[in-house]
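Peer 1: Keeping their order, the protein sequence lines are chains A and B.
Following UniProt numbering, the numbering of the first sequence begins with 1 at its first residue and continues without gaps.
Following UniProt numbering, the numbering of the second sequence begins with 1 at its first residue and continues without gaps.
Where hints are given, some of them may not hold.
Stated by the list, open to error - List of simulated lysine-lysine pairs, BS3-like, C-alpha gap at most 25 Å:
no., chain 1, residue 1, chain 2, residue 2
1, B, K226, A, K317
2, A, K120, B, K226
3, A, K412, A, K442
Claimed, not checked - Listed below are several chain B residues computed to face chain A (Cβ distance under 7 Å; list not exhaustive):
no., residue
4, G62
5, F66
6, R70
7, I164
8, D165
9, V327
10, V328
11, V341
12, A365
To be verified - Which stretches of chain A does chain B cover? Using the computed rule of at least three CB atoms under 8 Å from a CB of chain B, they are:
no., stretch
13, 222–228
14, 262–275
15, 427–435
Because the hints were derived from the structure by calculation, they are not lab data.
In this text, a Cβ means the ideal position worked out from N, Cα and C, and glycines have one as well.
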Amino acid sequence: MSILSALAHVQAMESMRAVPLTEYRHRRLSGRPLVIVPLAMAGEAGAPLAAMVGSSRRTGTLLVVPQPRNRDQRFAFAAGLGRIVVDYIDSFRHNRRGEDERSLYTDAPQVLVPNPGGVKALADLGRMCRFRSTSGPHAVPDVVPEFGMWLTFLVDRAEQAGTSLLLPVTRMLAEHWATGQSTLEDQNLASLMAWISPPAGLSVEQAMAEAENPDVCPPAGPTTSPEFDNRDLAPAIRRFDTARALGDPRALATAESDLRELIAGQIQPTWRMVWEAISLLRSVREAPQTARRFERDCAAFTRYSDDRDAGGLPQRKRDTAISAARRLSRLERALADFESETAFDDRFVRADRRSAGEAFAGTVVETESGRTVTTAKNRRVPRPRVTVRTEDPVRLVADTRLISPSMPAGHKAVIVSVLPDGDATLVVVEVTGGMGRSVAPKPGTVPELGQSIDYLPDPGWRPEPRFPASDHTPWTHSAGPDGPDIESAVPEDAAAEEWGNDD
Amino acid sequence: MNAPVDERLAALRGSAKRLDYNARSLAALQNNPRCTLRALLDASGSDKAAIAAHAGHPSPFGQSVFALARGNAFETMVKDNGCAELVRVLRETLQLTLPEVGYEDLNNVGGDGRAAVRHDRTAQVLLQAARGDGDGTLFDHPMLRLRVGGHEAFLEPDLVAFRIDGRFHIVEIKSFPILDGQADPTQVRAATTQACAYIIALRDLLARAGIDGQAVSDTVVLVAPKDFTNRPTAAFVDARKQVAALSRQLSRIERIGDLVDLVPEGLTFDLDLDEEQRPRRPAGELTASLDRVLVTYRPDCLNHCEMAFYCRSRARAEASLDVLGPVVREQFGGIDTTTMVMGLAHGELQPSEAQSEMADALRHAARLRAELEGLGGAA
Ligand code: SF4
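Build out the structure end to end from the sequences listed, making use of the hints.
Peer 2: Shown next, in the form of structure tokens:
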């Protein structure tokens, strides 16, 4: 965080309303996202309790596991939810652009959950489902492992900065708005919405208080509130169990519909709020380079989709040393690219970097536009120099490569010197690219005297780091007997199949 | 601890029954060690949840029956048949060569469940084991005792195992999963911090009998469900650092007198409960007392301390930067309030010498934000 973003939070706290942190929305928002609000049972590792799912506010489907400890009911739930999610994903696997092998789907799915806990719940569900066998004594419907693999793909992709296939809406909101509360509280969807758009007739303070009152605003999950568990849910599950034990179909039907109703009461407020958040986010303009990032999402989606078509194995439980290193390097690069792209696109983000001295903006006070140099190959090339006067606390040093959103695409420059000038700083910059092929730069490609200009560091092109192939790993770094590839092909042992306490 | 300090602490608590430290409250010490209010409430044995509720800010913690049931069911399963499953896990997963197992149930002594009685029995069998006579190797719910701030606190680990590597090991049985070899780090940390209190208490017990603390390992055995199954698996967790940290906190408690000296004369957190345990003390008076003690609120308190909602509302009322959390706070060096930040940002306040650099940065940031807002770019 920079002092500028910190100041935004202070302003929000002072004025008791959220203030913008960015000019644009940097995440793509699909025209047809699939919202999933997962609920899980407290204390039970990833035991699903319910989910509400659908791709419009009005068409939400509520799925409930009446007895979350029962294995068959859990898998019936996984199959039900799985069918909806897999159908949704399949609906994006039609239109491809480009030639055969290298063609890409033109659109990609987007799953939205309320908060980071929702991503974790889907990760757990994916882990539970993807290794299940569709034959034998513990057979599950075909869609269950398929669903598990897709969820795992989405969750993996979500780790990477700038992607949009799976996102918690709290993150999208907090990327754009600064509130007067902490990051921890910003993970509570209702508290966050209280700052950005309090319910009609309520002040932010009132809305915040309501957001933390589970009787007014049930938590957005995945766990339900302890009060609700103890007061309502536990007795309702007990009634369901009793009815089932007695084999009384009427009582069973009543108990089940009571349970559904109870859970609907907990999940629907969140459902509505997620859609409200989505329409708020739609009102924010999308940043120019979001489309480029979405291309990469489409490529990843296409690759995984083809892997599914080829009957690929479930993702392994743990990375090998090599794939872990590869993943880490990929994540780091994606983060650096995302930071640079957002700063390029967005004046707010750039101001953030400027306040930290990692970018600067100012006025051109001197130019040497006719300057040329002779290269080693004896070619004369334009290397104009300009001096920019800035009041930003520049911390960049000579030889830093620069890009500029104020110049035509392709503009490249490098810092020659950084010198103090009273309260300001003079930065001498040499333009190195984007001027055309001749000795005289094309008009408009060199900053002019008096022009205002922004510069930020060029993350540049970096070669893909190379990693040894898996079979060349020294034994000290290879995965233990825990992680060979074959493992993912075989379903887990029978003990592990007992996913539940009863029955 | 000298008598006057003890008397002052008793006066802070007032007429309420003294609550002793337990493994949870000791573990919580680590979360915000610098907080005076918390230190005083704990050292005086005051009921934080009741006080917070009466002050109009009921504590955010409840426990779901599902979580409780799951925890109990798992522990029972692990310990069934003289800890058969546990022994299997210790042998198979941790590859320990355990000699024949002697299981000792210390949940009660011939039906007597009183803490002191159980503690005596615990001391007897553990010391026997340490001296090499007696054949106990697994001790179920021993009752340990630790003097904290001059008061006895009884501590009850899930299990103590002996003769892993020839030493005592604290075994923590938890129902959060170890998923593909990894467990949630925050939950592991909380479990380990609790175990530290047991390690210290057990060392204390042995020390009183002249046995070296080395007999108790710094490594905790964590037993938890494997993946999404009900079967247990286990892992060693190194608790050395946390043991050292908790020891430091405990010695701070011994110096609680220093804090008590700073408390205004006559201050009390007494709720003045009637026979039905209803507070008779006017809430405003209680809040006024609380308000006179220093707190160091941070958002993380919401995860750990019963007083969190009270402290947060106080921080908000004071326009304290604590509300926003350490990440924002550290951007503003030694400044405490939003009023101060805004004052410096708009050049209305004169920065001190130490603040001048930060004030420059702040004015620059404020200028940039004003420009941006002028653009009206964002929704
Ligand atoms: S909530 Fe308040 S009393 Fe508790 S530790 Fe935090 S600041 Fe101290």
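Peer 1: Holds or violated: is there a CB of chain A closer than 7 Å to the CB of I164/B?
Peer 2: Where the cut-off is 7 Å and the nearest Cβ of chain A is about 22 Å from I164/B, the hint is violated.
Peer 1: Holds or violated: the hint that D165/B contacts chain A, with Cβ atoms closer than 7 Å.
Peer 2: violated, 22 Å
Peer 1: With a cut-off of 7 Å, does the beta carbon of V341/B approach a beta carbon of chain A closely enough for the hint to hold?
Peer 2: holds, 5 Å
Peer 1: If you count the residues of the stretch 262–275 of chain A with a beta-carbon closer than 8 Å to a beta-carbon of chain B, do you get 3 or more?
Peer 2: Violated: only 0 residues of the stretch 262–275 of chain A have a Cβ under 8 Å from chain B.
Peer 1: Using Cβ atoms only, decide whether F66/B comes closer than 7 Å to chain A, and label the hint accordingly.
Peer 2: holds, 5 Å
Peer 1: In terms of beta carbon proximity below 8 Å, does the stretch 222–228 of chain A have 3 or more residues touching chain B?
Peer 2: Our answer is that it holds, as 5 residues pass the Cβ test (under 8 Å) against chain B, meeting three.
Peer 1: Please work out if K412/A and K442/A have their alpha carbons no farther apart than 25 Å.
Peer 2: holds, 14 Å
Peer 1: Given the proposed pairing of K226/B with K317/A, does the C-alpha separation stay at or below 25 Å?
Peer 2: holds, 13 Å
Peer 1: Closer than 7 Å between Cβ atoms is the bar; does A365/B clear it against chain A? Give me holds or violated.
Peer 2: holds, 4 Å
Peer 1: Please check whether V328/B passes as an interface residue: C-beta within 7 Å of a C-beta belonging to chain A.
Peer 2: With a minimum Cβ separation of about 5 Å from chain A (threshold 7 Å), the hint on V328/B holds.
Peer 1: Regarding the hint that V327/B lies at the interface with chain A, is the smallest CB-CB distance below 7 Å?
Peer 2: Holds - the Cβ of V327/B comes within 7 Å of chain A, reaching about 5 Å at its closest.
Peer 1: Checking one constraint from the list: CA of K120/A to CA of K226/B, max 25 Å. Satisfied?
Peer 2: Holds. K120/A to K226/B sits at ~18 Å (cutoff 25 Å).
Comparing the model with each earlier hint shows violations of hints 7, 8, 14 and 15; every other hint is respected.
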